[in-house]
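Trainee: From first to last, the protein sequence lines are chains A and B.
If you number the first sequence the way our numbering does, the last residue is 473 and the count never jumps.
If you number the second sequence the way our numbering does, the last residue is 794 and the count never jumps.
Everything labelled a hint here was simulated from the structure, so no lab data went into it.
Predicted, not measured: the structure shown is a model, and the values here were computed from it.
Backbone N, C-alpha and C fix where the C-beta goes; we use that ideal spot for every residue, glycine too.
Some clues are possibly wrong.
[Said to hold, decoys possible] Partner residues are not named here, just some residues of chain B that face chain A (Cβ under 10 Å, in silico):
#1 148
#2 152
#3 290
#4 339
#5 355
#6 365
#7 371
#8 373
#9 642
#10 721
#11 748
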Amino acid sequence: MSPRRVVVVGYGMAGARFADEVRRRDPAGDLVALTVVGAEAHPAYNRVLLSGVLAGSMPAGAISLHAADWASQAQVDLRTGVSVREIDREARVVTLSDKSSVDYDALVLATGSRAWVPPVDGLRGENGSLAPDVATFRELDDCAAILRQVRPGAPVAVLGGGLLGVEAARGLLGRGCLVTLVHPVGHLMERQLDPGGGAVLARTLTGLGIDVRLGRLAARHVVGDGLELDDGSAVPAELVVVATGVRPETAQAEAAGLVVDRGVVVDDLLRTSDPRVHAIGDCATHPGTQAGLVQPAWDQAAVLADLVTGADPAARYRGTPTVTRLKARGVDLAALGDVHSADSGDVVAVQDSASGRYARVVLTDDRVTGAVVIGLPDAAAAVTQFYDTGAPAPTDRLAMLLGRAPAATSSVDDLPDDAVVCRCNTVTKARLVAARRSGATDLPALAARTRATTGCGSCADTIRDWLA
Amino acid sequence: MRLTGSTVSARDFPTNRGGLCQKGWTSAELLSTPARLTSPLLRRDGRLHPVSWDTALDFVANTLRDLRASSGADSVAVFGGGGLTNEKAYLLGKFARVALGTAQIDYNGRFCMSSAAAAGTRAFGLDRGMPFPVTDLAASDAILLVGANPAETMPPFTQHLAGARLIVVDPRRTATAERADLHLRPRPGTDVALALGILHAVVADGHLAKDYVDERTSGFDAAWRVAAAWWPERVERVTGVPANDQHRAADMLAQAGSAHVLTGRGTEQHATGTDSVSAWINLALALGLPGRPGSGYGCLTGQGNGQGGREHGQKADQLPGYRKITDPAAREHVAGVWGVPAESLPGPGRSAYELLDSLGDGPKALLVFGSNILVSAPRSAHVADRLSTLDLLVVADFVLSETAAAADVVFPVTQWAEEAGTMTNLEGRVLLREPAVTPPDGVRGDLELLRELAIRLGQPAERFPADPEVVFDELRRAAAGGPADYSGVTYQRLRAGEALHWPVPGTDHPGSPRVFLDRFAHPDGRARFAAVDHTGPAEPADAEFPLLATTGRVLQHYQSGAQTRLVAELTEAEPEVFVQVHPDTAARAGLADGGYATVSSRRGRTRAKVRCDATMRLDTVFLPFHFPGAQRANLITNPALDPHSRMPEFKVCAVRLAAA
């Protein structure tokens, strides 16, 4: 029996992960012969870490997903630097830009998404390509282009206050740039945050030194000068970083006649309208999934690998709970589920704008169904776990937000009689009191009588204070 | 400690610095316990009856001879313990391979140190638990303590931690975690992810020890590619440990002038235990700690002779001196010392749980030394069932442990203060324990027991000496040239007070307190990163069993409790098994503090007193494993085994709670 021929279009986070998941289930390639086609010349890299590269904490070489010899080790026919020219679904053959063609039994579209650039006058040059001082923030090459142009002390504008825009702004600030963040909506990250959370985030970013302009559209860009906003104000910038969102890359799918609704539409088996063609990651639209995050792509890769290798024919993709975690130094932010339609649930909220702390958690039947948590790292971790597992939240809701209580440091006098003072020897307060009353009035005598302090010795100070 | 008459006093020794916990202070009570066995016992008509040594020895030898003749040498199995002296462990391995000719020998250290041993060997080419003296810790600036609770299991040891900034990884807020500067509280079974997250933070925050990684290690790139996919925010989602805390941990370790990473059973007793330890070692390597003066990685040994017990041949795949039983040169050498042809030595046998699981179908007789498997093995109801199918169960112990009570023959043997022998402590230092009291009448040493059985099985008497020093001198020759080379250790040097850490390859060699300063033990001298990934517990929580149970020890009891449950003071303090649970979790299961709960898993159920504790994770319950019968925590544990170490997954299984 010859292995099934599976062709993956796209060698990014979804395509590379899918190849890994297939080889995890079929290490020798007995079941699946894999071909991976990637348009970029360099090997697949971890896009999530790009903001770290931009911020300077991560060297660009450290984010590649595979070793240079991965394809030969994993027995994958890897073709980089070539794109797909045509998909012939009838003949089940893919034609590539280098004129070669590959037959498939199953085709996996993992073409991802591309940066969307708003139609602002001057962002693009005459030929339609970006102006020389404008960069998107999506690819490793974008990152390299930005880093070539930024200099400490230079004014930079970031267009778009979504997740990526905020991360880019924070990273550029860390590089010493004078950053202005321009966002067309009244509060930042409006897809994930409620207005209160957005305001706290803006205040935090402002405190760090970012000039945040909300509710403003860019009207015009002048090369070398910067942006002019719709209220006529000017944003000086030697570089404009555009982070105004992404669009699924569906050109090939559309050309092949597959059903597309924003992304390529897939079902729970990750099949497109042609059951031999699958789509995963940013290029796909699945009813239960928000695009643009890596976790859904990886979950889909695992399910599809189960299906194409036959490891688990019953595997289905039912969606991934959405948890957004901002990766920006000094700003701890988690957003999950739905905080906007809070009519039906209970709400727990705290706000301490001066210190940049904010939490709004929505619960339905004791379960966390949505939350925004800013500046409370312990609470962010706890709330995320309750959301992911669907386990009931603690009855003390506020304690969940405030994190762990500090350890009580009480003196022996304040303890109840049955409290253990010396744990190593199970010596209770009552025994210490009895020993002291019968004449053991210093530490050596108490130790001889009760063995308190003779183990690890950590209770010695407490007992000394009590004797004093 | 020192024993004078029947009174224990503390002794200022490097490991304990003069401290003793309640277990130590009360240990002399065992010397005069009324539960002491002083006569061999033989089962007749379903009950154990006192018999003479000769009767018991003859019965066992005859039965073993018959079994070997009818069913082959592998029909007899041996189970040892990490509490046995080096001499006993050594002679037990020799007895199995030479007198019984069986491959079927393993020991309870498989349940204890095996994952740390496998990972240490993989990384460094040598498993010496703590490859530096324990006193180095006192000068450390930052210590990461993973899955260890020494404030309860080894309280005097915590004095060595007092000077450092302490990071504790434990799902529970233990007595040790309470003292930490930073407590990381992962969901049980997610340690690998947490280690990967901290490694990621080390690299992302610019703390990687590049020169060290280039000069002294190999395999970083592959390990990093795994860790690169585990950025702290992703790890937070899996472990529940805040991303911020992962960065803080990386920072505390990186900023320290000297730092240590130490692991214990909490991270090792998993079906992925070896990978867990490898993940922590990777972190230590990325920070440049192992083999650097004043820094390092080490594991905390669990049993008295947990280190020596795993070096001299009671392990299924091992010959003395930490040699591999599959290595032809090792077989030649050891067979030469034993005076038998190398081809007569059996090959590797089954690991501890697999051995117990195979009883009845495989071995028909089992000889147990220094272990209480009915309480300490995972899935204990099944183990009890396997033991009941044996033709012959023989137990050597000094009290009637639960396993001894189920035996066909019980031999009463000496205990700690009644016999000479060496132990190798957690830092690889060989200690000589001299006898302080005379054993009661009717009691004999394990060495003598092995000798008497060997002679009855047709062995020449001189091949099985009963004098510990003579056995040790033979062990020195058998271990000479092996990884754990004891050839330069003598009773004379130990009596003179020399601090000898192995390897000690000659009597003029000063010992090796710090083994990796110049090079690691792999042929190229480099330590190896292992590209390990997170896979999670073998049995995740689900709708039917929604909670995770983890098991461990309390301060007052030791291991299966066969000894400590005999000491009134200890039993008064902790009389019975409890289940530690968050009050909300208890309330949702209809349980009240102080009431009784049934804790059920797919393998069984245990009845435990409810102990509510608001510091517990809501998804996690804890049970100590020291208690017998229906109180055994191991009735519920999962025997899923680690592929490298064959360690069972004691530390996480899915359970549910109900009112009992």
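Trainee: If a hint holds in the structure, say so; if it doesn't, say that too.
Mentor: Cross-check of the supplied hints:
1. 148: Hint on residue 148 of chain B: violated, closest Cβ of chain A at ~15 Å, above 10 Å.
2. 152: Since chain A brings a Cβ to about 8 Å from residue 152 of chain B, closer than 10 Å, the hint holds.
3. 290: holds (6 Å)
4. 339: holds (6 Å)
5. 355: holds (7 Å)
6. 365: For residue 365 of chain B, the interface hint holds, since the closest Cβ of chain A sits about 6 Å away, which is under 10 Å.
7. 371: With a closest approach of 6 Å, the residue 371 of chain B hint holds.
8. 373: holds (8 Å)
9. 642: Not OK, violated: residue 642 of chain B not within 10 Å of chain A, min 38 Å.
10. 721: Since chain A brings a Cβ to about 8 Å from residue 721 of chain B, closer than 10 Å, the hint holds.
11. 748: Status holds, d = 8 Å.
Comparing the model with each earlier hint shows violations of hints 1 and 9; every other hint is respected.
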